[in-house]
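If you want the building blocks of each chain, they are given just below.
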Amino acid sequence: MLLFTVKRLLMLIPVFLAISVVIFMLVHLVPGDPIDNIIRVGATPAEKAALVARYGLDQPIWAQYVNWFSKMVQGDLGDAIILRRPVADLIAQNLPHSLALGSLALVFSTVVGITAGAIAAIYRDTWFDRGVMTVILLGSTVPSFWLALLMILLFAVTLGWFPVSGARTASALVLPVLTIGLGGVALVARVTRVAMMDIARRDFVMMLHAKGVSRWRIELGSVLRHAMMPVVTILSLRIGWILGGAVAVEFVFARPGLGSLLITSLNQRDYPVVQGCLLMLAIAVMLGTLLGDIVQAIMDPRIREGMK
Amino acid sequence: MALRFLWGVVHTPRGGASAFVLMLVIACALFAPLIAPYGYALQNLPGSNTSPNALHWLGTDEFGRDLLSRIIHGARTSLTVAVTAISISVVVGMTFGAIAGYFGGMFDRVVTAVVDLTWSFPEILIALILIAIIGTGTESIIIAISIAYLAQFTRLTRAQVMALRQETYIEATVNLGAGHFHVIFRHLLPNAITPVIVAGMLAIGDAIILEATLGFFGLGAQPPIPSWGAMMSSGTAQIFIAPWIILFPGAAIALTVISINLFGDALIDALNIRSRLRDV
Amino acid sequence: MQTLTKRAIAGTLLSTTFLVTGLSSALIAQEATMVLPAREVGAPSYDPIRGTKLNVATTLIYDRMVLQDADQSYHGQLATAWETSEDGMTWTFTLRPDVTFHDGEPFNAETIAWWVPQFEGTENAFMTEAIESVEIVDDLTVRFIMKNPDPNLLSNMASSFMGVPSPKAYEELGDQYGVTGAIGTGPFILESYTVGQDTVLVRNEAYSAASALSVNQGPPHLARLTFREIGDDSTAFLEMRTGGVDMLLSVPADFRSMLDNESDVTMVTLPGRELFYMPINTTVAPFDDIRVREATALAVNQAEIVDNLYGGLGAAADTFLNDSLLESNVDDALRISYNPERAQALLDEAGWVVGTNGVRAKDGQALNVKLWTQNGTEFRRITEVIQAQLIAVGINADITVLDPSSINAEYRKGTEHQLAVRSYSWENADILDWFFSSDRIGYPNVSMWDDEPAEEMRILAMTGSRTWDERVANFTAYHEYVLTQFVFAPIYQPVQSFAYSSTTLSVPEQIRSTRVQSQTFLDIDVK
Chain U
1 MLLFTVKRLL MLIPVFLAIS VVIFMLVHLV PGDPIDNIIR VGATPAEKAA LVARYGLDQP
61 IWAQYVNWFS KMVQGDLGDA IILRRPVADL IAQNLPHSLA LGSLALVFST VVGITAGAIA
121 AIYRDTWFDR GVMTVILLGS TVPSFWLALL MILLFAVTLG WFPVSGARTA SALVLPVLTI
181 GLGGVALVAR VTRVAMMDIA RRDFVMMLHA KGVSRWRIEL GSVLRHAMMP VVTILSLRIG
241 WILGGAVAVE FVFARPGLGS LLITSLNQRD YPVVQGCLLM LAIAVMLGTL LGDIVQAIMD
301 PRIREGMK
Chain S
1 MALRFLWGVV HTPRGGASAF VLMLVIACAL FAPLIAPYGY ALQNLPGSNT SPNALHWLGT
61 DEFGRDLLSR IIHGARTSLT VAVTAISISV VVGMTFGAIA GYFGGMFDRV VTAVVDLTWS
121 FPEILIALIL IAIIGTGTES IIIAISIAYL AQFTRLTRAQ VMALRQETYI EATVNLGAGH
181 FHVIFRHLLP NAITPVIVAG MLAIGDAIIL EATLGFFGLG AQPPIPSWGA MMSSGTAQIF
241 IAPWIILFPG AAIALTVISI NLFGDALIDA LNIRSRLRDV
Chain H
1 MQTLTKRAIA GTLLSTTFLV TGLSSALIAQ EATMVLPARE VGAPSYDPIR GTKLNVATTL
61 IYDRMVLQDA DQSYHGQLAT AWETSEDGMT WTFTLRPDVT FHDGEPFNAE TIAWWVPQFE
121 GTENAFMTEA IESVEIVDDL TVRFIMKNPD PNLLSNMASS FMGVPSPKAY EELGDQYGVT
181 GAIGTGPFIL ESYTVGQDTV LVRNEAYSAA SALSVNQGPP HLARLTFREI GDDSTAFLEM
241 RTGGVDMLLS VPADFRSMLD NESDVTMVTL PGRELFYMPI NTTVAPFDDI RVREATALAV
301 NQAEIVDNLY GGLGAAADTF LNDSLLESNV DDALRISYNP ERAQALLDEA GWVVGTNGVR
361 AKDGQALNVK LWTQNGTEFR RITEVIQAQL IAVGINADIT VLDPSSINAE YRKGTEHQLA
421 VRSYSWENAD ILDWFFSSDR IGYPNVSMWD DEPAEEMRIL AMTGSRTWDE RVANFTAYHE
481 YVLTQFVFAP IYQPVQSFAY SSTTLSVPEQ IRSTRVQSQT FLDIDVK
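Sequence order for the protein chains is U, S and H.
Residue 202 in UniProt numbering is what sits at position 202 of the first sequence, and the numbering runs on without skipping anything.
Residue 28 in UniProt numbering is what sits at position 28 of the second sequence, and the numbering runs on without skipping anything.
Residue 166 in UniProt numbering is what sits at position 166 of the third sequence, and the numbering runs on without skipping anything.
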């Protein structure tokens, strides 16, 4: 298992290098110059040149990249041009909020999604199945900012159970988590239901039925367990989404987060921050994929064997 | 044959109901100027924020514009953006996916790596970044959305093609000396196309929501052209004064997207391709 | 089992902590949470010298030399007295004794002598531009030697950018000043600051530099003050309605009527300091023709916007300056007011004839123009109404919605922009210099206005006025001239309003500043 993990980790190195190049170049494709946004009005060309040099923007792009990369591997993501503070600080401020919101929403979608999917699969092709799946579908068929507003109106304004916005108390997390979580339930439920129906047709399940094992025991003990593989795959591949996909919801709830930081800095052409955020997201995505692979390998020894 | 098949889909309750809604939305999009009772940009400031009434069935917005007319015209914008973007995405994705899946090797590895990464990136972020690069406007968001969904179709096509490649009849065709081009376009893609098209149809629903979210950030169709997302975005400020401004476009989105999903599900069942779509 | 118990206890503790923090603002006295105006969201630092976007908390961390009352009179804060020489070439300020910075450093004449030159080379350099040098007369007296008379000096000294920082902290923190720390002499001390999120201030127990504009002459009543940054107007409104915050420093126009109906919320409306306008790029066809510019400006129906978009609150703008400024008293004939007949006639005269679809054309070229606006309900709304008003006289405007910072970036790139809906908030006629100086063509002179007579009048107004009255006369003349050139189309002057919870806060009835600032915060108390 350790060997498997190490191998997979090593395979990530070239991918990481490639991503860092792409991120660096991508940001430089964005039109508009960050210096233009901070330089004082009526500055002389010499003043501008000095500023450009200060941020190293006068060097050839490959030199800028090498410089950025070598600092980055030492944990220095540079300084924000507009926000005038270390990018690492900004990320450290925002990442915990994204992690809390994202992981709780993930847990919510997973628990509710698997439960609903399993119920739907057990009562497959009945009105109950269709009903559950349609209700769940609702959460993912409305734009999240709209759902967020409705949540605030119902739970914060009318019922007064939770604060409207912010990120200073744990209770302020509930509504954003519900909003994001509901959006993901449909996906998890759908995958669980299909996978369970798939497994239920397998020979070994038929055998269990023939042996007279109770239906619930088969469905929950064997079918559901075997159906977890595609669910894990889907979840692990959606890890980047967990960290950065909440931009609109973060905006409505006035919450900090990696997605919001990325978009604000993108609008202000604050290159170093955009690069830093994208890098964090890419790392999260890679780790998510890795984690998914490892979990799969634990669940299915054949994958481990295949790697050797 | 095709007609009978479609009848089979539409005949089921959910297939029928969803098909009906979709036909209605498509009709709105196609014939908006004929169906809409008023012009979408026709302002009447003294009559702003009126609640639904006999003259304006869904009420008016903050400029006194007829909401029903704007929702009908909005169907045109939202569907045009979603359908065009996903079509581009499907075509390009199928090409990449087929080539990668058929030839394998270095190209496949690169494509897979890129696809795996972007697939895990939130579509909304991909779209927002691309719009920052190419600028705002209807064309830009079409391009941005099509790229955001590219990974999904590349991935799916590749998986289909890889599976089909193992089939004996394909191997036989290759062994008989058929050209790669011939094999891909005459034998592999026609067999791989059904699940991709269905997945594409389902993705149109997601694209409508993505368009709406971009509209919330003020990106996409420029005023006064209505899109469901932009209408909801400007409605947030009037949620207490005139809740219908945000409610009706939201309902239009929800109804359309649910219909797309239900119809897609009915299609999947009728075509019996559930297992081939598992990873999507 | 052991771990389970531990975890359970930790869980209970955790939830208790949250319960306490949740209730704290209501139960523990002397705390208040306020929402910053949406336009102040995202201010990147509390550095008054180099910052270009500051929020109101800046005025609480730093004291200024003088403060301005709502009637625009000046009152001493760090300066207790001042006088200027006959020729306006020197200004002498007597400083308040026994003032110390939050870091314990003394405030005296040396501080001022250090402070003034810091502005050189910054975006805010224009504030101190007229000052040649600062002389230390004695420990508590400074004399400004002027390059030219500047009757506007006191107005500048009262600006938020003139908060005096601690020289020691400023030098020590360097680039990070205002970001990792901000040290002033003000009534509140910066405790924490998360950009885009919130700023927490605590009472400066030693404070005694209150101006005559506050009733309270000692330390502030509030022990702790949290400023939240909320970008979405509806969210801010809902926080106020549900009691999640105690005060909205600016109530979005859409929600005024809603908050007015709330029994436990008091809403106060003050004269506005903002102005919505439409800059016209004078260098790009068809707007290089002054007749087309005039027609465009006359096509804007300001009254329709005031009445229908703002329910009659606020006023039509018919000059480039806010009504509260003396320099806005121009010859009535020069005011720019809705006149569709004249707009039509001017366009006819300029050769733009009405086509079949209602859009004018000249030489086969349709009168299509670009109209930019920024993302945000208010801007989009005004822009869409103006689009309809322009088409009524045959001008077809295509709207592009841009992010606020993208608009500035676009301007600085010098693309061929034409029209835009913008707003500014400034309380001095020198905004005309900012917008129309030929030194700033491109941005902020987005009208790209470069004109010989205008430059002469501008320079005279900026540097040739010895007294305040002279300055008013010079700026009025300059204002009148630029009005005749139709470089802007004036649109709307909003009112400003703030709202507070009347169950938790008491706020002085009379606001003794042009907007809610430090002098009022000193008097705010919890109930």
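No lab work stands behind these hints: they were computed from the structure.
One should not assume that every hint holds.
[Unchecked claim] Some chain S residues near chain U, calculated using beta-carbon distances under 7 Å:
id: 1; residue: A212
id: 2; residue: F216
id: 3; residue: I273
[Unchecked claim] One side only, chain H facing chain S, incomplete, derived with CB under 7 Å:
id: 4; residue: D103
id: 5; residue: M258
id: 6; residue: N375
Yeah, the Cβ is synthetic: ideal placement off N, Cα and C, and Gly gets one too.
Honestly, which of those hints from before does the structure not fit?
-> Per hint list: 3 and 4 violated.
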